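Residues in the sequence shown are numbered consecutively from 2, following our numbering.
These aren't lab readings, by the way, just hints derived from the structure by calculation. Hints are supplied without guarantee of correctness; some may be wrong.
What the hints assert, rightly or not - The following label-pair restraints were derived from C-beta to C-beta distances:
hint	residue 1	residue 2	range
1	Pro120	Gly50	16 to 26 Å
2	Asp73	Val159	32 to 42 Å
3	Val160	Gly52	19 to 29 Å
4	Arg60	Arg24	30 to 40 Å
5	Gly61	Gly137	13 to 23 Å
6	Gly152	Gly67	10 to 20 Å
7	Thr64	Cys22	37 to 47 Å
8	Ala142	Cys22	22 to 32 Å
9	Arg158	Glu69	27 to 37 Å
Keep in mind it's a predicted model, so treat the numbers as computed, not measured. All residues carry an ideal CB built from backbone N, CA and C; glycine is no exception.
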Amino acid sequence: GRLTRGCGNLAAVLWRTRAECGRRHALLVEAVRAGCAGPVSDVYAEPAGEGRVRAVLDRGNGTRTGFERLGDGELRYAALALVLLTGPGVLEVDSAGEVPEALQTLTVLVDGLDVGLDPRQRAALLGLAGRMCERGHIRLAGAVSDRAWTGEEPAARVVDLVR
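Using the sequences and the hints, build the whole thing.
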């Protein structure tokens, strides 16, 4: 199916996107490699019994790490990267029926965009967001605790709501 708000079905969406879009999946693997500790050669879902699947990082040497073992920052980073890369075709959203699908833009709102992310993850996520937003099918608006790091991405715009 489609990725739900709480990302509780992240593994099922990985299963689907890996099968349906090799290019996006390759970009996701590249993004997860940039944001997770240790080597990452693939990201996929595997059967977990009783009709369920679980998300897994393939470490490339026969070692696999289940997403349930990732730290909060790594898991949050991977989920946000998946959202940015998959866009409206894979996310569970209410679309505007009066706007043709090709012209619809998904706006992702993230409260605490920088929560739990280390500087490397923040930079990688912001760079990915900039590249995906340039394509025109997705926009990202996020609240951050420290806006200084957002200046690292030329495509990012900061709006100070405190003033």
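Quick rundown of the hints versus the structure:
At roughly 38 Å, the beta carbons of Pro120 and Gly50 sit outside the given window of 16 to 26 Å. Range check, Asp73 to Val159: Cβ separation about 25 Å, and the 32 to 42 Å hint is violated. Under the hint 19 to 29 Å, the C-beta atoms of Val160 and Gly52, about 45 Å apart, miss the expected range. Restraint check, Arg60 to Arg24: a C-beta distance of roughly 23 Å breaks the suggested window 30 to 40 Å.
Our hint of 13 to 23 Å for Gly61 and Gly137 is violated, since their Cβ atoms are close to 34 Å apart. Our hint of 10 to 20 Å for Gly152 and Gly67 is violated, since their Cβ atoms are close to 36 Å apart. Between Thr64 and Cys22 the beta carbon distance is about 26 Å. The supplied range of 37 to 47 Å is therefore violated. Between Ala142 and Cys22, the C-beta spacing of about 25 Å keeps the proposed range 22 to 32 Å intact.
For Arg158 paired with Glu69, a C-beta distance near 36 Å keeps the hint of 27 to 37 Å intact.
Figure legend: structure checked against the earlier numbered hints; hints not met, in rising order: 1, 2, 3, 4, 5, 6, 7.
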